[in-house]
Each structure stands twice: as C-alpha cells, then as structure tokens.
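Residue numbers (our numbering), protein chains in the order written: chain A, 372 to 569; chain B, 2 to 252.
The set of hints was computed from the structure by calculation and includes no laboratory data. Take these hints with a grain of salt, some might be off.
[Claimed, not checked] Each computed DSBU-like pair below joins lysine-lysine, with the alpha-carbon atoms no more than 30 Å apart: (1) A:413 - B:250; (2) A:405 - B:75; (3) A:413 - B:75; (4) B:236 - A:405; (5) B:119 - A:405; (6) A:453 - A:413; (7) A:562 - B:236; (8) B:236 - A:453; (9) A:562 - A:453; (10) A:550 - B:236; (11) A:562 - B:75; (12) A:413 - B:68; (13) A:420 - B:75.
All of these numbers come straight from a predicted model, not from anything done at the bench.
Below, each chain spelled out in residue letters.
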Amino acid sequence: MKTLLTLIFIATCGFAGEPPCCRAPLPASPPTDKSLYLLDSKWTSDVGKIVQLGVLRGRPQIVTLFFTHCEYACPITVNELKTIESKLPPEVLAKVDFLLVSLDPNRDTIEALAAFREKRQLTRERWTLLRGSEDDVRELAALLGVNYAQDARGQFAHTNLVTLLHADGEIAFQHLGLKQDPTPLLAAIGKAAAGARR
Amino acid sequence: MLRCAFALVACVGFAVEPDMALIPAAKYRPLFRGEKDAKEIAVAAFQFDRRAVTNSEFLEFVRANPKWQRSQAKRLFADERYLAHWAGDLDFGKAGAAQPVTHVSWFTAKAFAAWRGKRLPTTVEWELAAAAGFTQADGTKDADFQQAIARWYGTPSPDVLPDAGSGRANVFGVRDLHGVVWEWTSDFNSALITGDARGDTGLERQLFCGSGSLGANDRTNFPAFMRFGMRSSLKAGYTVHNLGFRCAKDP
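Bound-form chain A, shown alone (with noise of 0.2 Å):
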C-alpha cells in the first residue's frame, strides 16, 4: 500500500521526473552513418508521449524488444536487465538508460505499458518503454538483429538479445541469451557511458 501511494504520489506530482524519452532533445546533429537515430518511425511511450528514437540521443541506451504477455524469457530478460541496473555503479548509473520496445503493438498499449512499469517498479527517470506500429518494430528489430514470430497462442518466439547503443544511437555492443556472463555488457556499458554528453 505504501509502495501504490508513493508510486501515485510520483504519478501524479511528477516528482520522479519524466522518462528519458521525455526530455528536451539535444540539438540535432547528422546522425552517423550507422545510427538508429536515422530512423524516422515515431514511437508511443507509456505516458502517451510520440517520439522519434533520436531523442534519446545522448545517452547510452540498454535496449531490448519484449513483449508484456510473455510466458517465459521476457521475465527473465527484465529481471536481467534490473540486476544490471543494481550492479552498475552510480556515476556510470547516471549516464545511462534503459528502453523496452514491445513486439506485440496490439496488446501492448499505452495503459499496458504503463501497468508494466509499475509491476515491474521500472524507474521512470531511467526506463523507457515504446509501442510502435507492426511495420516499425519488424524494421528496429532487423536493425538489432532480433529475429521473431508470433505463434497461435499469442507468444512471440524471438531472439534474446539486448543491444548497447552508444550515445549516438551506433551499435556498441550486443549481449545474446539468456543467463550469460553480464561482465563483458557491464564493461561496455561503462566505456559507452564514458561518452555520454548529457
């Protein structure tokens, strides 16, 4: 009860401060050659806000593609990802962020996402989560490298991989599967925080 008060004091008073996705962008510079800020899909994120992946630009992004009914690896992934986060120390902590994308549009909207966040205590400086249209998600995930499909009872099958984009939106460093060393992504994370400019 305690936790739903502080979470609704957070909602509602903004005192958390806005997710990454919210904050006022960096001048836009020529996204490099490699970027995934070429990209001009637009984006939902769980507070309603429509974005273009290039307002993250920045800061290092822990991306993963998951999906809010998923069965088996998703959980697992997320929990992976928050120990991460624990194990990150503050001042590279500070440099980063983290952002989920959904793989299932249909079922995960805005208000799904939402209630995602705050099962999950996702903090809201630190976590993006998006929705984007079938087309869009089927282009980010072919530049991740994440394969997927759907099967007949809703549950996506799809490649366990979580992506470091450096402060620019380049592929830094990619982690496959699940229950792997983090020691490598760690390392990574904390060279990719390195050149973070905000």
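Put chain B on the given structure of chain A with help from the hints.
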C-alpha cells in the same frame, strides 16, 4: 482455379497490374510450427511481380531517389557491398539491364517497393507462390516442376545471371522463384534458426524465447529448408551477389 481468379477480378472490379500476377487466397502449411500452432495459415489473395526487379528498374529508382544511390546510402541501411557490381551511382556497368538486381539490402528493396506503390511479400506469401507448379497450384503434384526444382537447387548459381523472367512460368504466371537468385521478404527476420555457432549446440532455448517446441512439418521439402536457413542468416543491411527481390501488392 485461375479462371475463377480472373472471374473474381471482373466481379469485384479490382485490376491486376500488368506486370503482376494474382495469387488467389489459399492455405499455407508452414514449414516449422509449434505443437499447438495451426497446421495451416490462411493467406489472402495478393498481386505478385511476375519477375524479379531488374538492374534497369533499380537504376530508375536510384535516379529518382538520390539518397539510395551507391555513394549516398547510409551504412545502417546497406552494407559496404551495396550495388558492388555496378560501375557507379547511375551506371550498372557490365551488369545486364534485364538481369535481376542483386547486392541490395532489405531496406533498399523495401524503399523500392514503396516508391512503386507496392510492398515486399511476406515470407508466407512468397512461399505460397513458390509452391505452385507449372500446371497446378500444388507443385508437389507436378512431376515436371519437382524435377526442375531438384535440378535447380543442385546446381551452383551461374556466374552470369539469366535475364529476369526468362524461366518457365508457374501456373499463376510467375517466373524464376527458383533457380536464379534468392529473394528478400518483408519478414525475413521471422525465421528462428540461428547460424550462430552457439545456437547449433543446444542453447537455442537460451537464445530464442519459445522456440523449444518448433517442429518441422515437411522434412522432405529440402529447398524450403535451404530458403529458411538462408533467411535466418541474413541481416537487414546485408547485400549479397545472389540475393534480389520482387514486389507484392494487395489486390
């Protein structure tokens, strides 16, 4: 079958584009499926290019869309080998005008299709069209077609590609789905097999959420396995010498 497709055109009044064939609605049996997945997928009727997109058509596209010219395309959307066989941005050099364009990425193929007011076919649409024989929609019952497929897939790619559309038409009037070049599909990245060494050693369960129960439906359809494996090894920016595309469109 074909006659009723045309009758349908006449009745509901949609026109099939001159260079496209109408593939009638049908059921497709997926090559891989989970135990609880449906045995068949219903596929709506669609229009499909009768042949692959050619170098000269692609030249028109890059002329109209300079950002897709060889020297202009962003590396995110097409790798270093993009149009490597051309002589320049607006010159396909020794490549034949009527040969299928290759060395194109998924993004470039998608952009071409959108420019033409079309789209890429889904994997299921492509496979459905490719399963049709010379004389009937179910190619497994067409002995000539089966022989031709076996011959095609057992022969290495020719050094000089034949012109697009020079092969024998299938029952729908679509040519060269087998035997010339591989082709992009809109959801090529729905193939859940990995070429990664770790994936081949029993770790799939860690790599793919939910893939543990996928089983093959027809183990004898070797060419389909080859295509499946080929698609699963691709990335969207890859450009390859024997990979081209053709477009689809809703009727």
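Hints and how they fare:
1. A:413 - B:250: holds, 24 Å
2. A:405 - B:75: With Cα atoms ~7 Å apart, residue 405 of chain A and residue 75 of chain B stay inside 30 Å; holds.
3. A:413 - B:75: holds, 20 Å
4. B:236 - A:405: holds, 14 Å
5. B:119 - A:405: Cα-Cα ~27 Å, so holds.
6. A:453 - A:413: holds, 26 Å
7. A:562 - B:236: holds, 26 Å
8. B:236 - A:453: holds, 29 Å
9. A:562 - A:453: holds, 19 Å
10. A:550 - B:236: Measuring from Cα to Cα gives roughly 24 Å; hence the hint holds.
11. A:562 - B:75: Holds: residue 562 of chain A and residue 75 of chain B sit about 25 Å apart, inside 30 Å.
12. A:413 - B:68: Holds, because 21 Å separates the two Cα atoms, which is no more than 30 Å.
13. A:420 - B:75: Measuring from Cα to Cα gives roughly 28 Å; hence the hint holds.
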